[in-house]
Amino acid sequence: MKIVDYSLRLLIICAVAAGLLTYVYETTYDRIADNAAKAKSIKAKAILPEGTVTVKEFKDGEAVFFRGYSKNGLSGTVVEASSKGYGGPISLLVGTDKDGKVIDIAIASHLETPGLGAKIEEKKFIGQFKGRSAAEVVLKKDSNNIDGIDAITAATISSRAVTRAVKEALLKYNEVKNVR
Amino acid sequence: MLDRLRHYWKTFDNGILRENPILRLMIGLCPTLAVSTSLINSVGMGLATTFVLVFSNLFVSLLRKFTPNGIRIPIFIVVVSTFVTLTDYMMLAYVPELHKSLGVFVPLIVVNCIILGRAEAFAYKNDAVLSTIDGLGMGLGFTLAISTIGIIREILGNGTILGYSLFGASFNPAIIMILPPGAFITIGFLMAALNALTRKGEGGK
Chain A
1 MKIVDYSLRL LIICAVAAGL LTYVYETTYD RIADNAAKAK SIKAKAILPE GTVTVKEFKD
61 GEAVFFRGYS KNGLSGTVVE ASSKGYGGPI SLLVGTDKDG KVIDIAIASH LETPGLGAKI
121 EEKKFIGQFK GRSAAEVVLK KDSNNIDGID AITAATISSR AVTRAVKEAL LKYNEVKNVR
Chain B
1 MLDRLRHYWK TFDNGILREN PILRLMIGLC PTLAVSTSLI NSVGMGLATT FVLVFSNLFV
61 SLLRKFTPNG IRIPIFIVVV STFVTLTDYM MLAYVPELHK SLGVFVPLIV VNCIILGRAE
121 AFAYKNDAVL STIDGLGMGL GFTLAISTIG IIREILGNGT ILGYSLFGAS FNPAIIMILP
181 PGAFITIGFL MAALNALTRK GEGGK
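Chains as they are written, first to last, in my numbering: chain A, 1 to 180; chain B, 1 to 205.
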């Protein structure tokens, strides 16, 4: 009975595989969640102004955001946002000052084409957002605004997605800025 | 003893030139096209693939007595995907820094037919030591080939090497080289060069 033999062998292999996967998933779950949270707060701290000592996580319903504190009090707020890029979701962190203007941006994760859309991580592109308020976050080629943001050559969709996410983050900041 | 070592060496260097996965067997082209846009990505992909290839060959070889011919492919797939997923979790938990640079390549490796190809063509028929050596050789051959492609495409398509600008701001890079057609063009020229070189060695046959 070949079919029984085959089925049994496949069953054994799959059962061992499932057992191993479950065991490793369970034992690493907490560490992985912990690492992700740590990485995020380090990233949040990096885009807040120098002199920021502590970063605290806040929740407002679904939204998660961070506040950074220096010796003199609140130094800035970090808001998360994401949008659909060319290769998949782009998620980023935007640091804002108390007026809702961009301090700095960090791309948390993206799946854009290496060498093209992946240039959204470069200072040359991301640096353009500094000091802008929500109304000023717009691509040059999508508006008549000559002070708009230069899109990356051959990566308009990626550039547009980042612009959209930054704008969304700044609008979100206005909703959460008074949360205690 | 010496014969045995020679046999090991032959198995190892088989993957580097004679049966180079990309330039000779033409397998694993999909991740090659996607990733070889810069040197650093190519090296990352190459190393991650080598790691998975060595262990998948080892496990497939160890299980070969247990694996009947009729259901070998499903068993290979379960073994390889389990191993890759476990590696992903372990990297996330214990070396998150490494995962940050290599993690994006892991899902690409699962669909890389080099892994299944070597399981089928080599590890299923040979012992664990030889299979591990074959995995190392093939992985290294893949890494060398994809890195060469990466160097060429990064210089021509982006004007940089490892992120450092080579020609200054006035250089206008050929964007086609970092798009998929650029990979095909590069692979074509490299294959021609490799064929020309090795044919000379065989006495102009």
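Incorrect hints may have been included.
Within a straight-line C-alpha distance of at most 25 Å, the following computed BS3-like cross-link-like pairs (lysine-lysine) qualify [said to hold, decoys possible]:
1) B:Lys100 - A:Lys43
2) A:Lys119 - B:Lys100
3) B:Lys10 - A:Lys2
4) A:Lys123 - B:Lys10
5) A:Lys2 - B:Lys125
6) B:Lys125 - A:Lys38
7) A:Lys2 - A:Lys43
8) A:Lys40 - B:Lys100
9) B:Lys100 - A:Lys84
10) A:Lys84 - A:Lys59
11) A:Lys177 - A:Lys141
12) A:Lys124 - B:Lys65
13) B:Lys65 - A:Lys45
14) A:Lys56 - B:Lys65
Hints were generated in silico from the structure; no laboratory data involved.
In this text the structure is predicted, and so the values were computed from the model without any measurement.
Hint by hint, here is what the structure shows:
1. For the given pair, Lys100 (chain B) sits about 13 Å from Lys43 (chain A) by alpha-carbon distance, which is consistent with the 25 Å threshold.
2. Restraint check: the Cα-Cα separation between Lys119 (chain A) and Lys100 (chain B) comes to about 17 Å, which is no more than 25 Å; the hinted pair holds.
3. Between Lys10 (chain B) and Lys2 (chain A) the alpha-carbon distance is near 38 Å, which puts this suggested pair outside the 25 Å criterion.
4. With a C-alpha separation of about 48 Å, the suggested pair Lys123 (chain A) and Lys10 (chain B) falls outside the 25 Å cut-off, and the hint is violated.
5. For the hint linking Lys2 (chain A) to Lys125 (chain B), the alpha-carbon distance of about 22 Å falls within 25 Å, and the restraint holds.
6. Of the pairs offered as hints, the one joining Lys125 (chain B) and Lys38 (chain A) is violated, with about 46 Å between alpha carbons and a cut-off of 25 Å exceeded.
7. For the suggested pair Lys2 (chain A) and Lys43 (chain A), the alpha carbons sit about 57 Å apart, so the restraint of at most 25 Å is broken.
8. At roughly 13 Å between alpha-carbon atoms, Lys40 (chain A) and Lys100 (chain B) fall within 25 Å of each other, so this suggested pair holds.
9. The suggested pairing of Lys100 (chain B) with Lys84 (chain A) holds, with an alpha-carbon distance near 21 Å, which does not exceed 25 Å.
10. For the hint linking Lys84 (chain A) to Lys59 (chain A), the alpha-carbon distance of about 23 Å falls within 25 Å, and the restraint holds.
11. Among the hinted pairs, Lys177 (chain A) with Lys141 (chain A) is inconsistent with the structure: their alpha-carbon atoms are about 31 Å apart, more than 25 Å.
12. A distance of roughly 57 Å separates the Cα atoms of Lys124 (chain A) and Lys65 (chain B); the hinted pair therefore is violated under the 25 Å criterion.
13. Taking the CA atoms of Lys65 (chain B) and Lys45 (chain A), the gap is near 54 Å; set against the 25 Å cutoff, the hint is violated.
14. Distance restraint check for Lys56 (chain A) and Lys65 (chain B): the Cα-Cα separation of roughly 56 Å exceeds the 25 Å cut-off, and the hinted pair is therefore not satisfied.
Checked against the numbered hints above, the structure violates hints 3, 4, 6, 7, 11, 12, 13 and 14; every other hint is satisfied.
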